[in-house]
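Listed below are the residues making up each chain.
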Amino acid sequence: MIDMPIQESAPLKAEARGLSFHYGEVRALKNIDMPIRDKKVTALIGPSGCGKSTYLRCFNRMHDLYPGNRYEGEIRFYPDDANLLAPEIDPIEVRMRIGMVFQKPNPFPKSIYENVAYGLRVRGESNKRALDDKIEQALRGAALWDEVKDRLGELASRLSGGQQQRLCIARALATDPELLLFDEPTSALDPIATGAIEELIHELKKRVAILIVTHNMQQAARVSDYTAYMYLGEMIEFGKTDEIFIKPQDKRTEDYITGRMG
Amino acid sequence: MQGDFAQPASGRHAGGGRLARNVMRNLGESGIEMLLFAAAAVSVLTTLGIVYVLVSESINFFGRVPLLDFLTDTQWTPLFYDAHFGIMVLVSGTAVSSLVALAVAVPMGTVIAIYLSEFANSTVREVAKPVLELLGGIPTIVFGYFALLMVTPALQRIFPRLPGFSLLSAGLVMGVMIVPYVASLSEDAMRAVPMSLREGSYGMGATRLHTALHVVVPAAFSGLAASYVLAISRAVGETMILAVAAGMRPSLTWNPAEPAATITSYIVQVALGDLPHGSLGYQTIFAAGLTLLLITLVFNILGQWLRRKFRENY
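Protein chains in written order, with this note's numbering: chain A, 1 to 262; chain B, 263 to 576.
One or more hints might be untrue.
Simulated restraints, written as ranges between beta carbons of each label pair [unchecked claim]:
| hint | chain 1 | residue 1 | chain 2 | residue 2 | range |
| --- | --- | --- | --- | --- | --- |
| 1 | B | 390 | A | 188 | 32 to 38 Å |
| 2 | A | 65 | B | 329 | 55 to 61 Å |
| 3 | A | 24 | B | 422 | 56 to 62 Å |
| 4 | A | 80 | B | 469 | 18 to 24 Å |
| 5 | B | 388 | A | 150 | 48 to 54 Å |
| 6 | A | 20 | B | 563 | 54 to 60 Å |
| 7 | B | 470 | A | 80 | 23 to 29 Å |
| 8 | A | 88 | B | 388 | 31 to 37 Å |
| 9 | A | 157 | B | 385 | 31 to 37 Å |
| 10 | B | 556 | A | 157 | 32 to 38 Å |
| 11 | A | 249 | B | 381 | 47 to 53 Å |
| 12 | A | 188 | B | 515 | 55 to 61 Å |
| 13 | A | 78 | B | 469 | 24 to 30 Å |
| 14 | A | 12 | B | 396 | 53 to 59 Å |
Treat the hints as calculated values from the structure; they're not laboratory data. From the three backbone atoms N, C-alpha and C, an ideal C-beta is built for every residue, glycine too.
With the rest of the complex left out, here is chain A:
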């Protein structure tokens, strides 16, 4: 059951209402309701194939890139109070305001500088000074500035995996997103790089709402304020992270968290 009253002062950033999603004939998400609080971290956990990435990718309309996909229900986005999934909403506008960091670091085949400048250039920024400023800010925000400030012209592929992922975070930060989506951002990284990213998430949530998919329950417990447990395309349980991990209401959540399943 989902009826967990959340007395919470943090305002809503987004809210899924009756969200279902179809890959062709396959119904991958079933009737999901979930609030995303501003300046909080919401974690999505669940076994592989449960639909957590699919759910995450609804928020920036990534599914629009492939034919045969269909959304049902809505994702309200605040403060606009608009439905992100509405056909009249331009997915490009959505992606301008909602950033995403992927499972595998995917820097573009460009310099470190140009990677971070990418979103700004897409938005038409060409003033060198403004770009320089924003790029420094973004790299500082991603805790990467000190490591790369003397080599901004180098190809991004020369960085280590953990640095590349922080570069991808800087790239997303450069355009001041209101919501950041993380799709298993540390699954390709070693424990030290993972720790750095988790620390970063702690810092970032002071500025922006974060939705993170993780298959690592300890990570969810460490970084998130809220946790949702998903299973077979359904959201089984949602609540404050400590409550979910200490006394889950649903037997299935408990089984998953205690490692009896998944």
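Once you have looked at the hints, place chain B on chain A.
Frame of chain A, contents of chain B only:
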């Protein structure tokens, strides 16, 4: 059940079941190995043979014509009484016709590749690509007559002073002939760019076109460069279109609106004539052939270098 074990030599161990060397099998293996080696050796030996013939005949040629004259003379009249052997005359024809062809093939091929890889839906792609590759299967002699009988008259309407044979019309048609190679190879290179890179770009709010030009094309650059180099090699080596439509008159020119001979069309011309073996005229085709080989070699090395320099590991 027990019976199975009682009959060890029941065909499964035809060699008698002992762990001895199987002579027949070893013989078969080494036979196959030799056959495969021979097949590989034939192609290598053929290449070596070609190089040997080109080089040895060219040595004879350069024994009679100084290399400096070969490279600097401005006339190519090997069959005249006052013979001149300036290869630059033929090189200029090859260069001009190839540049015209590349001016058509590279932009068109790249645009088609971008469309097929980034914009077309799968149905369009599945129809368009085979059709495009069919274009690459048309015999070049057909392209040659197309240039001579269709393209030249059409061009003459726009440029009334264009002669009946020209590097321009041959080069244009040659470009069209090369388009499928460039498009197909470039499309392969762009499709090999992982989807995660595109998603990263779309995720930043980029449009399809912006993603194609700023992420996919740079990521596929080594493959694109390889396809362009292949286009150059094909243009430099193309023979029939130029022999038919460019007019086989050697002239040192950089003007595409003139007729001229290329290295290849000169070789055809001489090889079809009845020059006695060992004559100087006969040896010119080997010197010209060696020049052609060196030019394509340079471009192949350039292609390899570009591939290595710009290879992206995703």
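These are the hints, each one checked on the structure:
1. For the pair residue 390(B) and residue 188(A), the beta carbons lie near 36 Å from each other, so the given range of 32 to 38 Å is met.
2. A hinted range of 55 to 61 Å holds for the C-beta pair residue 65(A) and residue 329(B), which are about 59 Å apart.
3. With their beta carbons about 60 Å apart, residue 24(A) and residue 422(B) fall inside the hinted range of 56 to 62 Å.
4. Between residue 80(A) and residue 469(B) the Cβ separation comes to about 22 Å, which falls inside the hinted range of 18 to 24 Å.
5. The supplied range of 48 to 54 Å is met by residue 388(B) and residue 150(A), whose beta-carbon atoms lie about 49 Å from each other.
6. Evaluation of the 54 to 60 Å hint for residue 20(A) and residue 563(B) yields a pass: the beta carbon distance comes to about 57 Å.
7. With their beta carbons about 25 Å apart, residue 470(B) and residue 80(A) fall inside the hinted range of 23 to 29 Å.
8. The given range of 31 to 37 Å is respected by residue 88(A) and residue 388(B), whose C-beta atoms sit roughly 32 Å from each other.
9. At roughly 35 Å, the beta carbons of residue 157(A) and residue 385(B) sit within the given window of 31 to 37 Å.
10. At about 35 Å, the beta-carbon gap between residue 556(B) and residue 157(A) stays in the expected band of 32 to 38 Å.
11. Remark: the range hint 47 to 53 Å for residue 249(A) to residue 381(B) is upheld by a beta-carbon distance near 49 Å.
12. The hinted window of 55 to 61 Å between residue 188(A) and residue 515(B) holds, with their beta carbons roughly 58 Å apart.
13. Between residue 78(A) and residue 469(B) the beta carbon distance is about 26 Å. The supplied range of 24 to 30 Å therefore holds.
14. Between residue 12(A) and residue 396(B) the beta carbons are some 58 Å apart, a value that agrees with the proposed interval 53 to 59 Å.
The structure meets every hint from the earlier list without exception.
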